[in-house]
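These protein sequence lines map, in sequence, to chains A and Z. For what it's worth, the working numbering labels the leading residue of the first sequence as 2, then goes sequentially. For what it's worth, the working numbering labels the leading residue of the second sequence as 20, then goes sequentially.
Honestly, I wouldn't trust all of these hints.
In silico lysine to aspartate or glutamate, EDC-like type, Cα no more than 20 angstroms apart, as pairs [said to hold, decoys possible]:
| id | chain 1 | residue 1 | chain 2 | residue 2 |
| --- | --- | --- | --- | --- |
| 1 | Z | K132 | A | D37 |
| 2 | A | K250 | A | D299 |
| 3 | Z | K124 | A | D37 |
| 4 | Z | K124 | Z | D52 |
| 5 | Z | K38 | Z | D52 |
| 6 | Z | K38 | A | D299 |
| 7 | Z | K124 | A | D299 |
| 8 | Z | K132 | A | E28 |
| 9 | Z | K132 | A | D215 |
Hints in this document: simulated from the structure, not taken from any laboratory.
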Amino acid sequence: MPADERSRPEERSVDELVHAAGAAATEFDWGLRASDVINDTRRSPSKRLRRGLAVALLVAAIVAVFVAPLPQLHLFGSKSHGAAGATSTSRPVGSSGGGTSPYSVLAVHFLSSHTGWVVTGGPGTQDRLLVTANGGQSWRDVTPPGADRDNVALISPGPTISGTFLSASTWWIGGSQTITGRITVYETTDGGRTWQQRGRTLPGTADSLFFLKDGHGWLEADNGAAMGWNPVTIYGTSNGALTWTELSKSPAMPAEKGTPGALQGGCDKTGLTFVNNTAGWATMDCPGGAEVLASTNDGGRRWSPVDLHVSPPAGALAWPAVFSSPASGAVGLAMPEYENLVYTTTNGGSSWTAHSTPAGRAVASAFIDVVSPTVWVVSSGTSLYVTADAGHSWSTVRTFFNMRDYEIDFTSAQNGWAWNIDQSFMRHTTNGGRTWSTSYFVGQRVTHGEQ
Amino acid sequence: MELVPEEEFSDFFERTQRKLLAQAYLLTGDRQDAQDLVQETYLRAWRGWGRVAGMDSPEAWLRRVLYNLAVGRWRRLAVRRSRNGSFDVPLSVPGTSIGHLDVVKVLQSLPPKQRQALVLTAFVGLSTAEAAKEMRASEGTVRVWVSRARARVAEALGLDVLSAARKGEADAG
Numbered sequence: 002m003p004a005d006e007r008s009r010p011e012e013r014s015v016d017e018l019v020h021a022a023g024a025a026a027t028e029f030d031w032g033l034r035a036s037d038v039i040n041d042t043r044r045s046p047s048k049r050l051r052r053g054l055a056v057a058l059l060v061a062a063i064v065a066v067f068v069a070p071l072p073q074l075h076l077f078g079s080k081s082h083g084a085a086g087a088t089s090t091s092r093p094v095g096s097s098g099g100g101t102s103p104y105s106v107l108a109v110h111f112l113s114s115h116t117g118w119v120v121t122g123g124p125g126t127q128d129r130l131l132v133t134a135n136g137g138q139s140w141r142d143v144t145p146p147g148a149d150r151d152n153v154a155l156i157s158p159g160p161t162i163s164g165t166f167l168s169a170s171t172w173w174i175g176g177s178q179t180i181t182g183r184i185t186v187y188e189t190t191d192g193g194r195t196w197q198q199r200g201r202t203l204p205g206t207a208d209s210l211f212f213l214k215d216g217h218g219w220l221e222a223d224n225g226a227a228m229g230w231n232p233v234t235i236y237g238t239s240n241g242a243l244t245w246t247e248l249s250k251s252p253a254m255p256a257e258k259g260t261p262g263a264l265q266g267g268c269d270k271t272g273l274t275f276v277n278n279t280a281g282w283a284t285m286d287c288p289g290g291a292e293v294l295a296s297t298n299d300g301g302r303r304w305s306p307v308d309l310h311v312s313p314p315a316g317a318l319a320w321p322a323v324f325s326s327p328a329s330g331a332v333g334l335a336m337p338e339y340e341n342l343v344y345t346t347t348n349g350g351s352s353w354t355a356h357s358t359p360a361g362r363a364v365a366s367a368f369i370d371v372v373s374p375t376v377w378v379v380s381s382g383t384s385l386y387v388t389a390d391a392g393h394s395w396s397t398v399r400t401f402f403n404m405r406d407y408e409i410d411f412t413s414a415q416n417g418w419a420w421n422i423d424q425s426f427m428r429h430t431t432n433g434g435r436t437w438s439t440s441y442f443v444g445q446r447v448t449h450g451e452q
Numbered sequence: 020m021e022l023v024p025e026e027e028f029s030d031f032f033e034r035t036q037r038k039l040l041a042q043a044y045l046l047t048g049d050r051q052d053a054q055d056l057v058q059e060t061y062l063r064a065w066r067g068w069g070r071v072a073g074m075d076s077p078e079a080w081l082r083r084v085l086y087n088l089a090v091g092r093w094r095r096l097a098v099r100r101s102r103n104g105s106f107d108v109p110l111s112v113p114g115t116s117i118g119h120l121d122v123v124k125v126l127q128s129l130p131p132k133q134r135q136a137l138v139l140t141a142f143v144g145l146s147t148a149e150a151a152k153e154m155r156a157s158e159g160t161v162r163v164w165v166s167r168a169r170a171r172v173a174e175a176l177g178l179d180v181l182s183a184a185r186k187g188e189a190d191a192g
């Protein structure tokens, strides 16, 4: 290791230190040989394998005897959770009514208190897109036929689902094919009953997809990354994804050049937002401090950094910008141990005002859900902070579960959902977090709900 | 000429083993444990080589298996720690400087998923989106894991995570 790595740690980012430690470890003489591995498995059955099988059988027996018979609701102790448990609407939606679920809730996005989408998935299962029209009482599987082939990820990229849901009927979603490394955009105009693949496939992974009602749309495609370098290509369409034009491309490597005015290659891109055909915003997470917000005034070809008068420290998170009109918008910025802020503009981004949140200097990052320029929901630990007047007043609610590992999606100051990707359920509140009900997703395949 | 499976596996092993060993070391903080985990990972790869070789990314499969084996190890260690009181992470690794050991030690204090997310992005070189796919998590979740991991590591190593922010405020006047 070069001497300066040790002497000037403050000039090294955490990522660089971790990478340097790992790189040093690759230089060890580990003494492993492929022939050892091949020869080991020829001793059949090996002690190792027999021991593994014995443990697996024991675990399976324990699970069969003690875990499987438990009704799912018991796992969460409804009575001890007070009102939250008492109002539970535990509602398996799968064809199998019990047992452990292979599904996890990967992403949630609600357009209103009634209409929303969930992407479920899990090891060895295909991502499924489910839709509800009654606030989660029942669900329909509306996965596009082309997207349920192997290895198409419906989420990922983007803060929630890589899609735009303009209304209860018209949506575009991006599916990322991991084998071919290409993106397919699907469109529906009948609430997911039928889908059309739109246009040609595009290279990369769908990072963010944003559409306006007139069919103008933008796709932020992740071009692959290394060591904190996250180059993207921005594509644009003016005809509802039938044809796409490459608008800008970040430099693929630090020493290379992108298209003039492209988003920088460093920093993880977290979302695109456009207010009309020309004006848009891009958000980024930049470890170590750099720009988190950029704007364009030519439809996505050239981008300029926005000065928020703060240099985010390591671990800062920027959520996608939300605009209610071309003039009025907001961006959430969480900075661990420093401040959790919401920035607002009322003049189309000419100036931005920082607003503190009650999460204050929380050690861990808070989730900041900017529902609108005036409604913000912030979760931190077992606290949920909600404002409906742009931060002038806040309500604080203590939740019975630690929100540290939960993502949140609210449609108003009262109505919202929380989910944890390790679990096959999501929680729903209709009173600003005071009580929560729970919806479960079980079964290998989801049957049609009662819509 | 087509390689026989042994040759194909050996090529794959040579191409991937050093990085996987280093990843295991970052995850476990212990050279012997890292070696055992990696050996077990490759044993599983070789047993299922016909299937693994045909995967879109056998390296990603290796990393997932390694992580799952490591989690099992951590759970066993957690039991041991609860029974025996304090548990010290072994640090005496020949061939590394104290600076790297500091980093490796701090990584062991992170929750497993935060640790994995940081190692995948900072060392393996995956983007957040790629790490999310590999960890079967949404990108937002992985962002938070990495963010929290960075903040904890920075704090533990005495990196002044606040200075940049304060400097920004001062510059803004």
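Broken hints, numbered, in rising order? Structure breaks hints 1, 3, 6, 7, 8, 9.
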